[in-house]
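Here is what each chain is made of, one letter per residue.
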Amino acid sequence: MSKIGFLVFIGLVPGALLLVAIFDWVRTWLRKPPLGHSVQVFILGHPWLAAVLAAVYAAMLAHFFLHIDHG
Amino acid sequence: MRDHPDGSRNVELIVLGVLILGLGAMLVYGLSRVISGDMTHCFEKKNATVWPTGVELAVVSVIGFAVGRLLGYLRKSRYGGPIVLSRQVDPDPFIGVGLACFLALATVLLAYETFAVFQTSGNPPPVTSYVRCAAADNPWVSEIAAFIIGLLLGNWIWYPSAKRPWRPWDKS
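Protein chains in written order, with numbering that gives the first Met the number 0: chain A, 0 to 70; chain B, 0 to 171.
The set of hints was computed from the structure by calculation and includes no laboratory data. It is possible that some hints are incorrect.
[To be verified] Computed spacing ranges between beta-carbons, pair by pair:
id: 1; chain 1: A; residue 1: I21; chain 2: B; residue 2: A99; range: 29 to 35 angstroms
id: 2; chain 1: A; residue 1: A58; chain 2: B; residue 2: P92; range: 15 to 21 angstroms
id: 3; chain 1: A; residue 1: K31; chain 2: B; residue 2: G36; range: 20 to 26 angstroms
id: 4; chain 1: B; residue 1: L69; chain 2: A; residue 2: M59; range: 20 to 26 angstroms
id: 5; chain 1: B; residue 1: R32; chain 2: A; residue 2: W28; range: 28 to 34 angstroms
id: 6; chain 1: B; residue 1: Y72; chain 2: A; residue 2: V51; range: 36 to 42 angstroms
Beta carbons: idealized from backbone N, C-alpha and C, even for Gly.
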């Protein structure tokens, strides 16, 4: 493993979420609906996307976290 | 759609601000550990945990996801806009672009992971090895980060459609 790879990993995962969280905070400050509300409105119009999101999230959670103690 | 009362909006801003500061602190801590740390001893577990670290991380993430849902109820009670079950609703274009970017990022990550796992030489290293290294270095900090990430994702993609959990048919 390289330090550069680790920096990309840390910048990509928590860094991207941090940007989205700041975006949500600014929207709340501007009296716009919560990000989750807007996501829900979008997903209700595209229910297949909800299924894909759920599958991707579950797959990533299981793969990245489970069994990391072995090997 | 109802506006936020100012006091309630301030509570939301403070809660979100604390989460942002927590995530930012994790980011700075992680970057500083990478810059100053030794990658050759990455897999030596330095702190004991009750369960295997991976199981604890997964459980903490799921708990964070559920707490994100509860935070969604708090926000929903402040901002009880109706959810219209119709394809005629014009969604926010930024949301569509953001979700597309998320799926594109997930696709790239999973494609890289597939390629990396397929290589028997271990080069390039799979993303799992970075998670394993971070969890071995400091499992408690990793679990706090996993909790915050799960909480934010739960708040965004498992947002409640009703103001009260015991009345899911009440859409307003």
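Quick rundown of the hints versus the structure:
1. A/I21 <-> B/A99: 29 to 35 angstroms: violated, 20 angstroms
2. A/A58 <-> B/P92: 15 to 21 angstroms: About 28 angstroms separates the Cβ atoms of A/A58 and B/P92, which means 15 to 21 angstroms is violated.
3. A/K31 <-> B/G36: 20 to 26 angstroms: violated, 40 angstroms
4. B/L69 <-> A/M59: 20 to 26 angstroms: holds, 22 angstroms
5. B/R32 <-> A/W28: 28 to 34 angstroms: holds, 32 angstroms
6. B/Y72 <-> A/V51: 36 to 42 angstroms: violated, 25 angstroms
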